[in-house]
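Novice: Given the coordinates of chain S, work out where chain A should sit on it, guided by the hints.
Residue numbers (the working numbering), protein chains in the order written: chain S, 1 to 73; chain A, 1 to 526.
Treat each hint with caution, since some may be false.
What follows is a set of in silico ranges between Cβ atoms, one per label pair, in the way DEER data are often shown [to be verified]: (1) 47/S <-> 495/A: 29 to 37 Å; (2) 72/S <-> 66/A: 23 to 31 Å; (3) 27/S <-> 29/A: 52 to 60 Å; (4) 5/S <-> 507/A: 47 to 55 Å; (5) 66/S <-> 486/A: 40 to 48 Å; (6) 44/A <-> 5/S: 34 to 42 Å; (7) 447/A <-> 5/S: 33 to 41 Å.
No wet-lab data here; the hints were simulated from the structure. Model, not experiment: these values are computed from the prediction. We put the CB at the ideal spot given by N, CA and C, even for glycine.
Below are the chains, spelled out letter by letter.
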Amino acid sequence: MSVHEVVSEIAGTVWEVRVNPGDQVESGDELLILESMKMEIPVLAEDAGVVEAVLVEKGSSVAEGQVVVSVRT
Amino acid sequence: MSSNARAMKISSEAAQIPYQERLDAEFNSREEKALAMGGSVKLRARAEQGILDARSRVEVLVDKGSFVELGKFAISSFSAEAAAKTPADGKITGYGKVNGRWCAVVSNDFTVMGASSSLTNVKKIAHMKRQASGRGMPMVFLGESSGARLPDNMGARGMGLGLGNDPTQYQRKRDTPWAAAVLGQCYGSSFLYTCCADFSVIRKGAVMAVSSPRLIEMATNEKVDPQELGGWKVHVEGTGLIDKVVDSDEEAIEAIKMFLGYLPASNLEAPPVHPVSPGSGDEMGNILAILPEERTRVYDMRKIIKTIVDKGSFFELKERFGKVAVTALARIDGHTVGIYANNPIYKGGVLDVDACDKIQSFLVLCDSFNIPIVSLVDTPGFVIGAEAERRKATGKIVNFMNALQLVTVPKISVIIRKSYGQAFLNMGGGRNSDEVVAWPTAEVSFMTPRFAANIAYGMTPEDDGFEEALATMDKDNSVWEMAAVFAVQNVIRPQETRDYLIRALDAHRAGGVIGNHELRNWPTSY
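Next up, chain S with everything else stripped away, as it sits in the complex (with noise of 0.2 Å):
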């Protein structure tokens, strides 16, 4: 068991929050979609578990490579 720190990989703004702590995902499972470039993009789980926490919301301005997300796996 350990917690992996998922990481959006682009700059952007939040515009919807896919998973709440307590889910479980799969990978490749959307966590969040940002919107970057005029593009709505995903972040997705790397790993399968199961979601501990959710540290951005809705409109929070992300930047590349901040943790958004932590799954235990």
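Specialist: Chain A only, in chain S's frame:
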């Protein structure tokens, strides 16, 4: 008794035992020592950790009973003491059939002096490489080594006799495919051959680095964890030097076997043709459902590729590196193809520096081994900004472009959606592919309409007429304008993409598939 008489007496006693038996006794005793590797204690410790030994790895790799070992009785030439503890001199070498085809194999035995490089075993590796090149066999390196053997290579005399006496040792001419696995501590020769290989895989827990954490700490006082120094995350996600990560030795060897299944035995042959797997193409009717109708939405290009290619044949390389692009081997109608594509689900598919490196090394692989290339295009362009420039974006774009224009295997480009600016050329647009076709959803221009409105026409979203200008540009960017001037060779229905590629690739293979291999001497890393 004189010594002569004693020798005669021994000889007459020996004569009591039949000749064959005497020969067998010596042979068996020597063979037993050779096969004992570094001894039962070390072998048991590995087995307990679930790590295979060098000989078991060869057994997993080659078809049962096919291994022809060379150098079984080779040992250290340094001293009698070293000779006694170096079965096979720490590197198991020979020929074996891999899925029915002969390959040359080097498997490092870490239990024998850390599979360190010595005068004898360097000759063994050189022999395998020479035979592989000369006879047209792929090479497989199962890596785990500590570096140059000590004290053999110590001092000026040691250096003079040891390292550097083979001027072809790290030449890479890509006459036959090389595959390498990082299966333990890989310092010295195993990192060198891994970085020369066309495909590499690492087992979790293994390390590839120039030197060990212990030496680093002695030399620089830097304390570094082996995994942070050269573990799978470093090389599969960070440097991109290793193509795949797996959990076990067996999976690593399986990945090598799969990779070789797409490749010809040498650059003088076409890649092998496999039966078309049942169900291939069955989902083509629904392919458009993967592409969102809204241009602001993204999707995973790998779903489109998997729908087009033969079922189960998608074999992705560098999946966790430069993810804005996909590079994969696959089969279409049983024939190997190399696919490079944008992947909009990552950063909208904007091409970055890592993606340039990744695609460029993939073009080298395809061009060297007669693998036709298909590109699938949906990108807003190259990444821009100060960070990209610091990472040599300009040079990387040119390297990518240079490699693409040196390719002599067939190239077919399919524009799925966006293709803008310089990236249009790098993704095979214009005369950078033999054929360019587009889906009706394609849009092509120098820059995206929203930026073009500002930069080309000086308009901002607040200006009257901005939305009208955008609408006009959208129409001008439509693919029908390109088809009208024959800048794309055709517009195809998305659901007909597989059928189109089967026939177009067949047409381009008709005159033979052996290319000129202009990229065969391209650097082995970037």
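Novice: Is it true that residue 66/S and residue 486/A lie within 40 to 48 Å of each other by Cβ?
Specialist: Holds, at about 47 Å.
Novice: Go ahead and decide if the range 23 to 31 Å is satisfied by the Cβ distance of residue 72/S to residue 66/A.
Specialist: violated (46 Å)
Novice: Given the hint of 52 to 60 Å, check if residue 27/S and residue 29/A actually sit that far apart at their C-beta atoms.
Specialist: Since the Cβ atoms of residue 27/S and residue 29/A sit about 53 Å apart, the hinted range of 52 to 60 Å holds.
Novice: Is it true that residue 47/S and residue 495/A lie within 29 to 37 Å of each other by Cβ?
Specialist: holds (34 Å)
Novice: At the C-beta level, are residue 44/A and residue 5/S separated by a distance inside 34 to 42 Å?
Specialist: holds (39 Å)
Novice: Between residue 5/S and residue 507/A, does the C-beta distance stay in 47 to 55 Å?
Specialist: holds (50 Å)
Novice: Taking the CB of residue 447/A and the CB of residue 5/S, does the distance hold inside 33 to 41 Å?
Specialist: holds (35 Å)
Going down the numbered hints, you'll see the structure goes against just number 2.
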